[in-house]
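Same order as they appear, the protein sequences are chains A, B, C, D, E and F. Mapping of the first sequence onto the numbering used here: residues 2 to 249, in sequence order. Mapping of the second sequence onto the numbering used here: residues 2 to 249, in sequence order. Mapping of the third sequence onto the numbering used here: residues 2 to 249, in sequence order. Mapping of the fourth sequence onto the numbering used here: residues 2 to 249, in sequence order. Mapping of the fifth sequence onto the numbering used here: residues 2 to 249, in sequence order. Mapping of the sixth sequence onto the numbering used here: residues 2 to 249, in sequence order.
Read the hints as simulated data drawn from the structure, not as lab findings. Mixed in with the good hints, there may be bad ones.
Because identical chains cannot be distinguished in the list, a pair is counted as satisfied if it fits within a single copy or across any two copies.
Taking lysine-lysine pairs in the BS3-like style, the calculated list, with each CA pair at most 30 Å apart, reads [what the hints assert, rightly or not]:
1. K104 - K158
2. K17 - K158
3. K50 - K232
4. K104 - K186
5. K50 - K186
6. K17 - K186
7. K104 - K232
8. K50 - K236
9. K158 - K50
10. K199 - K50
Quick caveat, the model's predicted, so the values are computed rather than measured.
Protein chains: 6
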Amino acid sequence: MQLQLSTWPEVEEYLKISSGIVIPIGSTEQHGPNGLIGTDAICAEAISKGVGDETEALVGPTINVGMALHHTSFPGTVSLRPSTLLALVQDYITFLTKAGFTKFFFINGHGGNMATVKAAFAQTYTHLSELQIPNSDRVQCRLANWFLCSSVRNLAKELYGDREGSHATASEVAVTQFLYPEAIKNVELDAQLPPQDKIYGPDDFRRRHPDGRMGSDPSMATPEHGERFYKAAVKELSQAYREFLQAE
Amino acid sequence: MQLQLSTWPEVEEYLKISSGIVIPIGSTEQHGPNGLIGTDAICAEAISKGVGDETEALVGPTINVGMALHHTSFPGTVSLRPSTLLALVQDYITFLTKAGFTKFFFINGHGGNMATVKAAFAQTYTHLSELQIPNSDRVQCRLANWFLCSSVRNLAKELYGDREGSHATASEVAVTQFLYPEAIKNVELDAQLPPQDKIYGPDDFRRRHPDGRMGSDPSMATPEHGERFYKAAVKELSQAYREFLQAE
Amino acid sequence: MQLQLSTWPEVEEYLKISSGIVIPIGSTEQHGPNGLIGTDAICAEAISKGVGDETEALVGPTINVGMALHHTSFPGTVSLRPSTLLALVQDYITFLTKAGFTKFFFINGHGGNMATVKAAFAQTYTHLSELQIPNSDRVQCRLANWFLCSSVRNLAKELYGDREGSHATASEVAVTQFLYPEAIKNVELDAQLPPQDKIYGPDDFRRRHPDGRMGSDPSMATPEHGERFYKAAVKELSQAYREFLQAE
Amino acid sequence: MQLQLSTWPEVEEYLKISSGIVIPIGSTEQHGPNGLIGTDAICAEAISKGVGDETEALVGPTINVGMALHHTSFPGTVSLRPSTLLALVQDYITFLTKAGFTKFFFINGHGGNMATVKAAFAQTYTHLSELQIPNSDRVQCRLANWFLCSSVRNLAKELYGDREGSHATASEVAVTQFLYPEAIKNVELDAQLPPQDKIYGPDDFRRRHPDGRMGSDPSMATPEHGERFYKAAVKELSQAYREFLQAE
Amino acid sequence: MQLQLSTWPEVEEYLKISSGIVIPIGSTEQHGPNGLIGTDAICAEAISKGVGDETEALVGPTINVGMALHHTSFPGTVSLRPSTLLALVQDYITFLTKAGFTKFFFINGHGGNMATVKAAFAQTYTHLSELQIPNSDRVQCRLANWFLCSSVRNLAKELYGDREGSHATASEVAVTQFLYPEAIKNVELDAQLPPQDKIYGPDDFRRRHPDGRMGSDPSMATPEHGERFYKAAVKELSQAYREFLQAE
Amino acid sequence: MQLQLSTWPEVEEYLKISSGIVIPIGSTEQHGPNGLIGTDAICAEAISKGVGDETEALVGPTINVGMALHHTSFPGTVSLRPSTLLALVQDYITFLTKAGFTKFFFINGHGGNMATVKAAFAQTYTHLSELQIPNSDRVQCRLANWFLCSSVRNLAKELYGDREGSHATASEVAVTQFLYPEAIKNVELDAQLPPQDKIYGPDDFRRRHPDGRMGSDPSMATPEHGERFYKAAVKELSQAYREFLQAE
């Protein structure tokens, strides 16, 4: 059940049965020579909808621009500053809590979001308590990173070994190929694996990773792989969401 | 050309030809008993993609949660505070300007966004100038509201007369029906037109507009109407975008 | 009744009779070769006092610096950033609401303030509700732009036709001449009407409007015109204020 | 020379001769049973204009609402939070510095502003330096409190001895009586001097100072006294302003 | 009793007896050729612990970086912007108030902190009242500057006359020599007293005070002097703290 | 070499040899019935000084209050909100970068700081680049958590097995016992291990962890253990710091 395709009376009904919501969060950032700029948002959104279908969870609108400052020396990247993303996540949770939601399950497609979103959770718990919203002390937020699912990691290891990498990975490119076969790019990649270096500022990032990839060989990706990753993530996160709902 | 489905080298190529970008902005808010919560984001996104197809403009990711504080007494509404949305719009424009974009054409689906987005434009021009980004003094932002297109207003008048209303309007519901026929709701609406009152705070809004509509009769909406609205908006805004690009 | 010339016990008495207050808001910005930098604040203040005399409304202190970022390439302009003005308006309303005011009637002299002030109203309604101030859900804010009064627009059309313009207009210059005859400037204006172009950043603004005017011929202004504009605005806004007080 | 009554070309001329500006800052807050709510703004503005006349300084628009949080339990008080006032002062100085001003002489009428304004000065110096505005490292700000002028303190001691007090003082009430004789209030004051206690939060303040005064007997004030205070302050601050302009 | 060396059950017990806390606040900034960068934090911390021992007060962790923007042109200086320090002080007081503290006694070692900390107190009182924390209207904050103690000033006058100065003073250097004899620096100082000029921006400060001192001759400092200053400050502030606790 | 005990000319000399600095960051929060409230700051500071001695690194002042919102239902906890800590870290790095530092090695004693500090690093890189500080694109920040050192983890496993826990751990309590033997608390702990649950808001945290510990048995801690942990951490982090300095 997608929030965007529902009416408010339908949400009112839903809240009688469940106070959980799935919120996809991705990024709009360079993903190397053949990876889509929307990769992180696309994957998070599709997997969230899969989890929604599987668990009858309500799925909120995708946060499609996240914290990608280190990619901003490549054209096409859009980013929020951490202070902006922190305020945004706090706003989302605050207004949904006022409506009665208490279980927030963010499905994340971008490692760079993790720090800021966790900081936002901490700040929001205190904010809600200061607003004295009923049940605010029962609010629970979870950040579930699809790319860290053990089933996903195992599959990546099996398919790509040490050529999976850590940015513009073969697995995430595969998922986008499965979802948008019409947007598969025919680009020759450097045969040599790019470095998988530390991340500092945006200019430094581009110096270290001239084509944008970090240790990955996304030329190995196929739509069929993508479907397997997608299904593995949906299955594992659906289970995680159910447990989250039931946990005290 | 969608930013989300492009690679950064493709954006680099695009920037050699054009420095314009279309950014859809909507909202996630109650739209009465039969209107979708995502109506404003759905319409802005679809029309933006239409304009992108028509004009070969790059279309950025949709800002799907906007300024909807006055709707937050209805479950399912998500909103940013104006201060958050202001920072968000500034971040979008700033990082895209660094990459070389100078013509920002926001296609908006929600009246409640207008004030904050305009304030954000003003603040961002000065911000860019203070950052001394090259060409920042050539940056131009435009807020184009599809529902205010004269072709759209004329069609709404022709089809619905004074039953179009100003929130959860027949025309916007029609567009979502055209785009998502599977999400058409069978809901009986009160025959009497709801009031079209002033807007103050969220509790006050719900008191005045108990089912969420403002002066509208969206039971008149049909998918066929929606298609006509969609096409009218795409045509008129494509023309507006072309003129915007060429204007000094 | 001016707040600045009252004592707190007098305000306490006033609040037993009325919870309305008029707040003038203007700007401190260039107004072309012969327009006063304080034009917008001067007009808003004088008209507000006129409305206060007519309706026995309490009139608060003038917000004399507003959102004028686009004029900051001309010396003498002072501006708040939108984020500052947003906080300022929120502070004003919050503390006056704590004292018991619920009807805020801002009389505005500057188009550039409109977006930010409206955004501030929206943010403040939610802020007040979160602070749980008694009666905060009854708070209503109105932005009344004197230069958009129909009586004012008609008179400007009658007196100046298409030479009224949109910034440093003949009508607002006339009002300041009526109020401050000692400050009438003898400046020869370019006979040709200046352009009435789009507004972007401050440098761009000065490029397009070298002498600061937008489409106006303020050499047509006279103190006698000014008095007529002043009286028309006071009359129309007094009526609007009375209706605002009585509206539910 | 008042900024509000000048044109931008006049300011451009002025800047060829001087880069100094006088900015009055006051407050809108309770001043006891017979003191005007606008006392601090009224005094600062009048004395600033006097200094402007005496020294041919440009006088900017009055900041008439300041930091008066501790008075907000009395109706009629309006206040900015320190964070808002800090941003406001930074905005004023920043945009005037861009135009070429470097010597900012704030004439202050309210003790409660001092901390925040000084903090704002410090923050602004660094802000200007980070913006790399030409001459920004020559910017100097001074906070001149008229009520702390030695000539004023001596006169108050002579006229009122220990009945001058520290809020709603006899001297400041006298100045407003001189300036606005039509607003002199006939109010019987408690013969016993009110306490002159520490200042904490707003509720605490009202508990300690039930009628709003701190240690003062403003029933001793007369318009004639007011004129003497006004003249003393103008003289002493004119001298201070001249020295400030000449100081390296 | 030091907060850092206590457990939460010990604090719980303490709160049954007292709701007071001493918070040292200093700075990390250049102190001339022979003064320690940590001088202000070191002095404030040691004197606070002395007061804690004397009065059985709980002593919180030292705020060792304060508002030192004007010293940032000298290497080694660290500073918070006033807006950051304001938020920090508000956070400290807010969370300690939630735990039951109501009497906050800041022992300060740096003149540059005074404005911002006082502004923070004012803002926090209103913030606490808006959060509706029980007893928040009983919260009292005091800023006690050890270097302004009359016993300290008298001793400095006696020992150094007009060579005490106002930054990198002989007295504060003496206190650090008493506390850290191993860190006494053997540095030849210019025999001529450095200027004691106005403070503006960081670059200007270094131009006026090339070696960092303001009017001081810290070559006169000795560890023995330091002990006397330390004891004087502890004695005077212990008395001040006791009175603060008992005051209504 | 401690920054607090150095002079600015000494720092100037240091910068000719190294542009690295070690910054300890901890927290002031409950650590169960026998753990010190300052545990995280104490450990981070001592280990940082050890690393400084070992590597001749400059060690900055300790950030002794961090992000501990989830502990604020226990008395004695002080916390910054993430937005405040983010601004604080940005200020520290910005002003030190202006002085010439480029390698920032934060030694952290508190898991709750990690998210916010990482977010602050990302934001600061972009901030520095926007300020156009020379060498700002060479700035590198590292967050080194002493409790995650492999030598520390191995030792904890060896000494405590699964009774180490994750908050108020045996190892960190041991380090404080080594450093402050006079502050060892004789408190009987519940023999049963406390739960090691998820972390949400402050009230929820106290409900789940009534005595403050998470899965730990700090009654096993001894000063001798503490010394071993301390030495292991200093050794491992000294090596890490050296590599960090040399890394490109």
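Here is how each hint holds up against the structure:
no.	hint	result
1	K104 - K158	neither (32 Å within a copy, 34 Å between copies)
2	K17 - K158	neither (42 Å within a copy, 39 Å between copies)
3	K50 - K232	both (12 Å within a copy, 29 Å between copies)
4	K104 - K186	between (39 Å within a copy, 27 Å between copies)
5	K50 - K186	both (25 Å within a copy, 20 Å between copies)
6	K17 - K186	between (46 Å within a copy, 20 Å between copies)
7	K104 - K232	within (24 Å within a copy, 40 Å between copies)
8	K50 - K236	within (12 Å within a copy, 32 Å between copies)
9	K158 - K50	within (25 Å within a copy, 37 Å between copies)
10	K199 - K50	between (33 Å within a copy, 26 Å between copies)
The structure shown violates the earlier hints numbered 1 and 2.
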